[in-house]
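Sequence lines, in order, name chains A, B and C.
This note's numbering numbers the first residue of the first sequence as 1 and each following residue consecutively.
This note's numbering numbers the first residue of the second sequence as 1001 and each following residue consecutively.
This note's numbering numbers the first residue of the third sequence as 2001 and each following residue consecutively.
Read the hints as simulated data drawn from the structure, not as lab findings.
A hint or two may mislead.
Using C-beta positions, here's what the derived DEER-type ranges look like [to be verified]: (1) A:L43 with B:T1064: 27 to 35 Å; (2) B:V1094 with A:A18: 32 to 40 Å; (3) A:G183 with B:S1290: 43 to 51 Å; (4) A:I39 with C:K2131: 28 to 36 Å.
Calculated from the model, a selection of chain C residues having no Cβ within reach of chain A, i.e. all distances over 12 Å [said to hold, decoys possible]: (5) N2076; (6) A2096; (7) N2191; (8) P2192; (9) L2279; (10) E2311; (11) I2313; (12) K2318; (13) R2324.
Note that the Cβ used here is the ideal one computed from N, Cα and C, for glycine as well.
Each chain, written out:
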Amino acid sequence: MADTVNQGVVAPAASAPAEFLDRIRRSSEYVVIPLFALIVAGLIFSLFLFALGHSPATFFSLLWRGGFGTGFSWQNTLVRAAPLIFTGLCVAIPARLGLTIVGGEGALVLGGFTAAVAAIPFVHAGAPNYVVLPAMLLCATLTGAAWIGLVGALRHYRGINETIASLLMSYIAIAIMNFFVEGALRDPGNPNKPSTLPIGDANMIGNIPGVGVHWGLAAGVLVALALWILMNRTTFGFAARVTGGNVRAARAQGLSVGRLMVISCAIAGACAGLAGFFEVAAVQGRANASLAAGYGFTGILVAFLARQNALAIIPVSILLGGIAAAGGLIQRRMGMPDATVLVLQGLMFVVLLVSETLYGRFAFFRPKGN
Amino acid sequence: MNETDIGFWGVPLAMFAGAIRVSTPFLFVSLGECLTEKSGRINLGLEGTLVFGAMSGYAVAYLTGSPWFGVFCAGLSGCFFGAIHGYICKLPKVNDIAIGIAMMLFGTGLAFFFGKPFIQPQAPHLPSISLGGWSSLPQVRSALEINPLFFIGIALAVFMWWAFKNTRWGLIVRMTGDSAPAALAMGYSVDWVRFLATTVGGFFAGVGGAFLSLYYPGAWSEGLSSGQGLMAVALVIFARWNPLACFGAALLFGAAGALGPALQSVGITQGYYFFNAAPYLLTLFIMIASVSPKRSLKGAPGELSITK
Amino acid sequence: MSAFTLSRRTLLKSAAIGSIGLSAGLLTRRPAHAEDLTIGIIYVGSRDDYGWNQAHAVAAKALAAVPGVKVVEEENVPETIAVAKTMESMIELDGAKLIFPTSFGYYSPFMLDAAKKYPDVQFRHAAPLWKEGDPTNAGSYFGYLDQAHYVNGVAAGLSTKSNKLGFVAAKPISSVLSNANAFALGARSVNPKAEVQVIFTGDWSMPVREAEATNALIDAGADVIGCHVDSPKTVIQTAESRGVKSVGHNASQANLAPKGFITGAEYKWETIYKKFADLLAKGEPLPNFTGGGYDLDYVQNTAYGAGASPEAIAAADKAKEDMRAKKPIYIGPLKDNKGNEVIPAGTVHAPYDPWIDQINFLVEGVQGSIT
């Protein structure tokens, strides 16, 4: 960077506040451009609504009210965002190595399923929740890690494309869960919704006090933070990014690419498994077909919108959760089909992704020297 | 029992019939994706294109009374989505996989939004060609009721296979996909070639969708596609970017999909979830058995982000 | 309280009356007309699905016709935290005081939790799940469709030439199993040689697999096809195109099969929703449990199509009369299809016996496995 060299030579005594302002100016690019994109998407969508004879003003005020306008709306938004943080991470971590994993759904389903199964003997033995929950947590993360770790291993050792393998395996995972939930492990007391035995009210994870959202949200934020540090501030993360940039160069530098791939995939799977754990332990109380609710697939979108940045996954998940939360209100108040918010989401994401082409084009965000 | 009872022979027959009935949408989408990926770009959004094609084809067939015109319009709508994808991906720093996922959502959303009024009405179906007149078994006669789109798909696969090897256009597409600098050096616009390849690929995917709504299963509903478009995109990798192999993969997927119901119909009823998952299990096992680290990228376009 | 003329669950009456006091308290604050009552209705799929959701959406229009009642609806709500939040959102943001979540999986834990959290809001769920001990501001309403499937079976049993009937089923849950069983028992009551082949698709809505299942059944020799999936459109259409007869489910599919349609098992939700609408208009509370079949006009059979022969019509009409007279379907001795005796000789399960809600077997004469 020529700038930094100049800076070092010409202006050794640059004032700290000015440097700070420059940093803000640089990083503001990552806020201004997405905001601009969202506004453009909103305008295009307004035209769409207008053409169909609906009021854009009503629509956006309901979107705000349903997603972010009241305390209840925030609860609604955050509780929907919680699983997306985990499934977004499941895609983002391997993506730093250049792996496109689209099968987080499978790891989520199996993680949730094994968590619920792990609880059965403990609940039967009357174990307290501080025994049951860690056992469930362990099972869910290990299963998820093994499932996606296997995808990484197949990629490295057998050369099987990870995208197709993870997609196939997610369908297989759902079949495994359904097979047991409707067969050997079915709760006989629940004839109309095949499920495993309930983990019991005493073992359910409650809400974060004062927030009204279960602890999965806090866990998601913490895991995202930890993984951001791992990927951006450690040698592991550096090695992963080198591999993602150029596999041959990474091998030439003596990095163990295979191990990196398997570990990253295992971390990713553990995240998806955690999502499954919270679905069972905080929401459903048992494992059943509702685990396959599409969170894993939405996570792909979250990760790509967040540009594979673990921290950016948090606001993106909240944005998605908010739109989903508002979707119901818009259906009810405007009588518009549920697909309306799908159209809005699709449009927003296309425009947001297009806006990435704008990065680096504006001199304002590139202050030269000090 | 009566004379048309064929017992366990029903299973291979059902798989044969299923291969023909179910494979066509997979075939069209994977051929479209094959063309796009050969040019060096990946369009994951074909699931959305398929769903929108199914809706628009059904709607047009209902409104005009002509199912073939519906198929054509479904293709055109596919072109539209392909063109958007192709145009956007020309811009610098835009990730084609991410755009594909967003387009998948956008296409599906638009199809559901505009498709509500067409769930109830009955659109005319595409006709089929009867090739089973020689057989006295109704099962065989039914299995050989074949939709013309199936044959068009085979012809298209053979043509693409031939054209990639033997025509100038084929060469240009392959070169763009293998090495953009080389294509540039030869004086071809990489962006333009990829734009066209994505647009035409979208046309095929739209036609695949119309097959679903206008022939088999033959109605528009929001649950019509259970991920066929996404799976077909994945099948292209499985088929190693070879149009003929795409046809084989589509047949395999169709046949395996018929296995679950067919086994239940002859009394093998335990574990139907696994039989229903047969297409996925089978594809995975074939990949594990046939692929090795050295051969996996054979035939892969060098410019493809997913193989880099 | 005609809804409580059920022979079943007499013990529930006391619980229900207890709840009336509670809900009457809520409603006495209002004038006699249920003014400004907002009702929320939640569907698991699309409102135009030719099946379960559409049947509810069409019938629920009766509620919107009550003066002062406003209906808000939400479709495609999955059985996850989403439905919990949808209910809360209807209550918190729309001021709904009565909620109808219409899918099985909404009940536990989501509707039960919401009922505990909002004791002054009433919840009524469309499945026979409410039992004593559940919150008293919650409740169930249900049509026993097995009676109409029994009539389907009677008509199908006299329409088959191969003595093989096909049944495309979604999942092996008790309401599906009881419909498949009733279909088989109906068919065998008039044609002891008839067998029913069941194929489970494993999903509530999976059109391609439903079409494949229908084809597989026909290839195996079945010449009348019945089904229990969310949207039977594909099954009926496929059967018609293969030239075999069909019986419907959920709503009327008669126009999908102009040649081979015999009759269909239909819910008559409008009876229930109209009953509810009348109670609301009078300012009276809704019952905690109301379930019924032909006797209460909660279910019906679609008008006979071109596929129904005169003798099938005569037998089916007789079966309808039997159902109206509360003739039981499940009479001992009865074996399941593995040879185990499930009802001993001399035992009879009346039409609304809670035993029916717990069925987890297929009766003798049905080919298929629930695992």
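Minimum Cβ separation between N2191 of chain C and chain A greater than 12 Å? Correct as stated: the minimum Cβ-Cβ distance to chain A is 29 Å, above 12 Å.
Is the Cβ of E2311 of chain C more than 12 Å away from each Cβ in chain A? Holds: least Cβ distance 36 Å, greater than 12 Å.
If I claimed the Cβ atoms of I39 of chain A and K2131 of chain C lie 28 to 36 Å apart, would that claim hold in this structure? violated (53 Å)
Holds or violated: the 32 to 40 Å window for the beta-carbon distance between V1094 of chain B and A18 of chain A? holds (34 Å)
At 12 Å, judged by beta carbons, does N2076 of chain C keep clear of chain A as stated? Nearest chain A Cβ is 5 Å from N2076 of chain C, so the label is violated.
Evaluate the given range 43 to 51 Å for the C-beta pair formed by G183 of chain A and S1290 of chain B. violated (32 Å)
For I2313 of chain C, is the shortest CB-to-CB distance to chain A above 12 Å, so the non-interface label stands? Non-interface label stands for I2313 of chain C: nearest chain A Cβ at 33 Å, farther than 12 Å.
Verify this label for me: P2192 of chain C is non-interface relative to chain A, using a Cβ-Cβ cutoff of 12 Å. Answer for P2192 of chain C: holds, closest chain A Cβ roughly 29 Å.
Evaluate the condition: distance from the CB of A2096 of chain C to the nearest CB of chain A exceeds 12 Å. violated (9 Å)
Closest CB of chain A to the CB of K2318 of chain C still more than 12 Å away: Nearest chain A Cβ is 31 Å from K2318 of chain C, so the label holds.
Can you let me know if the beta-carbon spacing of L43 of chain A and T1064 of chain B is within 27 to 35 Å? holds (34 Å)
Any Cβ of chain A at or closer than 12 Å to R2324 of chain C, or is the non-interface label fine? Holds: least Cβ distance 26 Å, greater than 12 Å.
Hints 3, 4, 5 and 6, counting from the list given before, are not met by this structure.
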